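Visitor: Read off the chains here:
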Amino acid sequence: MTRISNIVDRIKSGESSARKEIEAALTTARSTDEYHALLSVTEKRALERADEIDARLAAGEDVGRLAGVPFIAKDNFLAFGAPTTAASKMLEKFDAPLQATAVEKLEQEGAICIGKANLDAFAHGGSTENSAFGPTKNARDQTKVAGGSSGGSAVVTALDVVPFALGTDTGGSIRQPASFNGVVGVKPTYGTVSRYGVVAMASSTDTIGCFTKDIADAELVMDIMSGRDTNDMTTLPDFFTPLDSAMPNQKIGIIKESMSDDVDNEVRQRTNEYVEKLRAAGHTVEEVSLPMVKYALAMYYIIVPAEVSSNLARYDGIRYGHRADGVKTLAELYGRTRDEGFVTENKRRIMIGSYVLSSGFFDAYYQQAQKARTLLINSYEELFKTYDALITPVAPTPAFGLGENTADPVKMYLADIMTVPPSLAGLPAMSIPAGNSEAGLPIGVQLIGQRRSDAQLLALARSVENK
Amino acid sequence: MDHMTALSRDDVQHLAQLSSLQLTDDELTSLQTDIGNILGYIEQLGELDTTGVEPTYQVTGLENVWRDDSVIASDVTRETMLALSTESANHQVKVPKVL
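Quick note, the sequences are listed as chains H and W, same order.
The first sequence begins at 1492 in our numbering and counts up by one.
The second sequence begins at 38 in our numbering and counts up by one.
Treat the hints with caution; some may be incorrect.
To be verified - List time: in silico BS3-like cross-link candidates among lysine-lysine, alpha-carbon distance up to 30 angstroms:
1) H:K1768 - H:K1958
2) H:K1580 - H:K1876
3) H:K1785 - H:K1876
4) W:K134 - H:K1819
5) H:K1742 - H:K1958
6) W:K131 - H:K1768
7) H:K1747 - H:K1876
8) H:K1535 - H:K1580
9) H:K1535 - W:K134
10) H:K1876 - H:K1902
11) H:K1785 - H:K1742
12) H:K1819 - H:K1785
13) H:K1511 - H:K1596
14) W:K131 - H:K1819
15) H:K1747 - H:K1958
16) W:K131 - H:K1584
17) W:K131 - H:K1596
18) H:K1511 - H:K1535
Hints were generated in silico from the structure; no laboratory data involved.
Every value quoted in this text rests on a predicted model; they were computed, and no experiment measured them.
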């Protein structure tokens, strides 16, 4: 598995060049077509940028910490060189007029985007089966789902096409596919990375993060992407600086509700093994209770659809995106465009959003969910008075079969039951590979920290990596 | 999942209208079932006592983030933005008649 530092070192030593690295990554990308992890390849622009970086390196310039390193962005990041589709018919031909701040920041350090990864349309889903262009297959077993919604990004990282890929995580969309494909997946504290130029889903929980093969690479990528952006007023002043080493003797709580009999036996075994590694490294791990997690998924499927219905109102067929043909009135234009441009899951979420925001239901659903969210946040804060970090599995099972959950949306939603609670509280959480099931499917554990404890959490994970 | 919330076909049609979605008959049928099931699931929140609890709408703790009220030149031109629309004329986006 190629790390960022491998590529940087090869280019620096003259053993390789940006062009050679990008050509190699493009070749690997093509060889993985059968997984359908990519929606487009930005070959022309990537090679041009590689040549430019090689020329600057030859001139003795400092090109940056990621000079010549290829990466892939989930196709809901606005980027040049290919359409930004959000895996939807609505944006199938949308050529972004600007690039996402996250992409710009990586490019300023010399990184090169070589393609756009598949996702559930508008990031609505947990398996990448809701892509309007067909599902992505799991990197280890092509009969299984990639997870979602950032399934393509997880798979290209696991298949070693690129050392890192970008994803978005609203309720688990980085962590769950990272777990299903055996790579590291980081969802930072809400507000860490600018969302400017990223297709909005649910603004109160949308975050940007990355997939990598090890913790050190994740620390580097997050260090580069994080920080305040005047184009996204929810961004926090830059607080993220990777730490040399983890704090010793940490107190970690394993959330007992996430280890119930409903959770796959092998998932619990791998989680317990990870707990033993933490103990062997001198940390204390104790069972803790967070009863509010029982309600988190219900809160999530009220709050998120409400925000989705409002964020997706902009797709009206007028200023950009798909427009229905042969319509006579404006109302017909809206209705037909949106029916044609959205997949079923988009429509479900928009309509549930309309329902919970309707007068008469607003207090019972939306307001109740936001109050329950306060209770959830309070119960996390109570635990963080005693504990430095919390641990749970990432998902109740390893990757499920393609088509297994598509007929039952509620069953599909339940795959997010462990990842949704930290999202609602804006907490940093990450998925760390913890071994495989007997069938060879990857299983991840989730570490959760207090707001802005991202660096500490990553250092903790790094201290027990490969042990 | 139990159907605690019975959604009629008219209810679903109304939601589609609120959402500016012109659905086919088949879609209406399947969405009626799906949305009913999802509402059945989320209704469990009703059993939670939230008396006196303040709602949380956002989690940053940031309030009133201002920027300077100044004009900043953009790299994106009017032509680029207009070109994103399916139909434009005379520097304006064209739409069908409103009524």
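Visitor: So, for every hint listed, does it hold in this structure?
Guide: Okay, the hints, checked on the actual structure:
no., hint, result
1, H:K1768 - H:K1958, "holds (7 angstroms)"
2, H:K1580 - H:K1876, "violated (47 angstroms)"
3, H:K1785 - H:K1876, "holds (21 angstroms)"
4, W:K134 - H:K1819, "holds (7 angstroms)"
5, H:K1742 - H:K1958, "holds (19 angstroms)"
6, W:K131 - H:K1768, "violated (63 angstroms)"
7, H:K1747 - H:K1876, "holds (18 angstroms)"
8, H:K1535 - H:K1580, "holds (24 angstroms)"
9, H:K1535 - W:K134, "violated (41 angstroms)"
10, H:K1876 - H:K1902, "violated (34 angstroms)"
11, H:K1785 - H:K1742, "holds (24 angstroms)"
12, H:K1819 - H:K1785, "violated (48 angstroms)"
13, H:K1511 - H:K1596, "holds (23 angstroms)"
14, W:K131 - H:K1819, "holds (13 angstroms)"
15, H:K1747 - H:K1958, "holds (24 angstroms)"
16, W:K131 - H:K1584, "holds (19 angstroms)"
17, W:K131 - H:K1596, "violated (36 angstroms)"
18, H:K1511 - H:K1535, "holds (14 angstroms)"
The structure is inconsistent with the numbered hints 2, 6, 9, 10, 12, 17, although it conforms to all the rest.
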